[in-house]
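Residue numbers (UniProt numbering), protein chains in the order written: chain D, 1 to 330; chain X, 1 to 252; chain P, 1 to 285.
Don't read these hints as lab results, they were simulated from the structure.
For each residue, glycine too, the CB sits at the ideal point set by N, CA and C.
Mixed in with the good hints there might be a few duds.
Computed footprint of chain D on chain P, listed as stretches where at least three residues anywhere in the stretch have a Cβ under 8 angstroms from a Cβ of chain D [to be verified]: (1) 96-106; (2) 114-124; (3) 128-136; (4) 207-220; (5) 254-268.
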Amino acid sequence: MPEPLPTFTSKTHASTSSRAEVSRSIPRSHRLIARISNADRKDQWFRHTLHIAGLIVLCLVIAIFLTLIVGSIPSFRATGIHFFWGKVWDPVTEVFGALPFLAGTLLTSFLALFISLPFSLSIAIFLGEYFPPGKGKNRMAGVVREAVELIAGIPSVIYGFWGLFVLVPLVRQLEMKWHVLPYGVGIFTASLILALMIIPYAASLGREIIHMVPAELKEAAYSLGATRWEVIRHVVLPYARTGILAGILLSLGRALGETMAVTMVIGNTSALPKNIFSPGNTLASVIANEFTEAASNVYLSALIELGLVLFLVTTLIHLIGKRIIKQFST
Amino acid sequence: MERPILEVKHFHAWFGTHEVVKNVNLTLHRNEVVAVMGPSGCGKTTFLRCINRMHELTPEARTEGQILLEGEDIYRMSPIMLRLRVGMVFQRPNPFPHMTIYENVLAGYLLNNIKLSRSDKDAIVEDALRKAALWEEVKNNLKKKGTFLSGGQQQRLCIARAIAMKPDLLLLDEPTSALDPISTAGIEELLQELKKNYTLIIVTHNMQQAARVSDETAFFYMGELVEFAPTRQLFTAPKDQRTQNYITGRFS
Amino acid sequence: MHLNSIKHIRRRQLISASIRGIVLFFTVLTLLPLVYILIYIIKQGIGAINWSFFVQLPRPVGEAGGGIANALVGSVLIVCVATLMAVPIGISSALYLSEHPQGRLANVIRFCVEVLTGIPSIVVGIVAYDWLVKPMGSFSAFSGSVALAIMMLPIMIRSAEETLKRFPTHLREASLALGVPYYKTIMKVLLPCSLSGVLSGIILSVARIVGETAPLLFTAFGNPYLSFHIFHPMHSLPLLIYNYAISPYDSWHQLAWGAALVLLCWILLLNILTRMIIRKWSVRY
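One chain only, chain D, in its complex shape:
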């Protein structure tokens, strides 16, 4: 059967009909040669483009860091290290102390973590151990997983909105019952909403971590006659301990940086909180509230310095958490 002659075969080669000549004519067509000599250059360009995109990401992080540092300089010049334990934040007299916000941030985050832990751990065990995916058709687990994922996607501002209209009146009633000042808003309310927000995140992290426990270990325990709970208690949880710790750290990082929901229910007071029911402010919420109002340079710079502190703390916690998880998974 005759060889099909590609149309772009150059005339000189087409005249000869041996198989070898035809075959050679394909790669040697003039247009192709031109394109091939271009290919090397294009390859180089392409590699450079990818390289540059990677460098942009690197520069972005450096630039963000530098921006925050440079922005903080005026405040640091004015207040110095005293910034971190100054109890008074008064923009009018330009006295800037971050202690109320540091306290508010730590209080809300740790309280939220504390509240959410039993719940998120339950869901994690539920999804990771009792109803893992891909084991028959587990409608129940599927529904729970989907619900958790859907809820994890609800924007922070909507949580805040809901908290403002549902949680705040509820807390106010509780506070009246407990005979504390019934603000409704405050650190306690913020912690509740934060707890609700980190549960889905923490639960799906925990589920992944529990999944990483090797099946052989669990089977070994089962083969010795252990019950489900004993396997969880003596094999799964001890094995996953460091991973769960990392999950807690990552959730903490989330809680520390959370802005909108907290801003909406914390009461926005720059005084040092007296107890967990008093209104307060977190690093993030004070920035959200006051940034556009900051009239003077030092005021703005003080807010940026709060941002820098927030950035450093959350990033550090996040990186440590990720590092632990990475080590745990290998």
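Given chain D, work out where chains X and P should sit, using these hints.
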């Protein structure tokens, strides 16, 4: 006498500091079939990959010596030009999962932006699939994805993809090692057919396969080309003791 | 023997079963308020939604009715511009990372992506303010887009790298052995094969940032009027929800609930889209 299609002169290849191919000399003429055999790790696959410069994908790889394709040094050519002229079939069938059977056969043209008319495309596809003995099985399913085929069919599709480029030389790297016995038999039959029109180099760890399909056989051992001779001679009267040991099964 | 006594085994089984019950109980208990949030928003929001809600501007305080057209348009615009900025950088750097699984620079970049993932959104807002709003002298939708793009990048890069990394070597070799240049191998084989993963990563990153408010507070700022000018202040759904939620007016609360429902539906739709793409277009290797 016709100019040899492939000449390998004092060829060495390294991965880092490890010399994988040592001083290979070899000459190959048009329409010959050479089988390259040897125990695993003997450098036969590396040698094959050096012929169309696929070894360059490994960052540490380095070579010395010359490989001439029709008198041209392949290391002075553009690797792209070289690979257009030297086709390759791999151990594992690797049709492109995002392309149909039709597109898979034409992949070399499509991916290189070579414009073809509709009728040329059809002709190339039919011709290549016929030569790869796959036409009858797939002619009604050309628009299906290539990955729906069986392993043996996929490998024949890959052979069709390579010969659609009308290569001067076709390299096959253990083309049947990932296939079941029946598919293997099919591919071997196909190789017998391909012999008539193509120059082939087949790497195989299977001696019977080497004996069945090749005109000449090269025996590699520890990176050295121990013996290169007409297949019948190599299997009946090997000159080297190591070849003798290997074909009588006294190695490893 | 004590270990084998039926009683002992029964007791252990009972403990196990009750713990199972407790876990189940806690799970349901957790889901209740979370599901309640969803239901509450739907209940509150559905009443606000009608045709004029989508096409009209908010009315001044005291007048009933009005809509959120300005915020809707603003959100779409801001997110689109952010996506346009983030996609080329994100996908290219994901390609760089997947092509250099070991390199030192790649590891540094991976570290940076991790840092970006952990940055609080409010800090991104500060940075975008410093970079764009301050020098340009005005709040602008564009600066909001930049802030959102920064937030999208790490999500996009990580999910794209994850997909691209899975591309098998043997297919890459198949392409290169056909004489296809490197860049074409990437553009015509690797990317099309990974399309479903890359695309769903992009959509996922959009879904994560449509509801972001904090980065927009001092960038896009908000605007009571309809604006298409990306260098002027612009409204967006999350900003509107925030502003109206903390306002004392009932009619504005109504609008905010409606906007919250729209935002949720938008996010839900994007999530469904992601799943459909993964299911329909995934390439098996």
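Status of each hint after checking the structure:
1. 96-106: With 5 residues in contact (Cβ-Cβ under 8 angstroms with chain D), the coverage given for the segment 96-106 of chain P holds.
2. 114-124: holds (count 11)
3. 128-136: holds (count 3)
4. 207-220: It holds, with 9 qualifying residues against the three required.
5. 254-268: holds (count 7)
Checked against the numbered hints given earlier, this structure breaks none of them.
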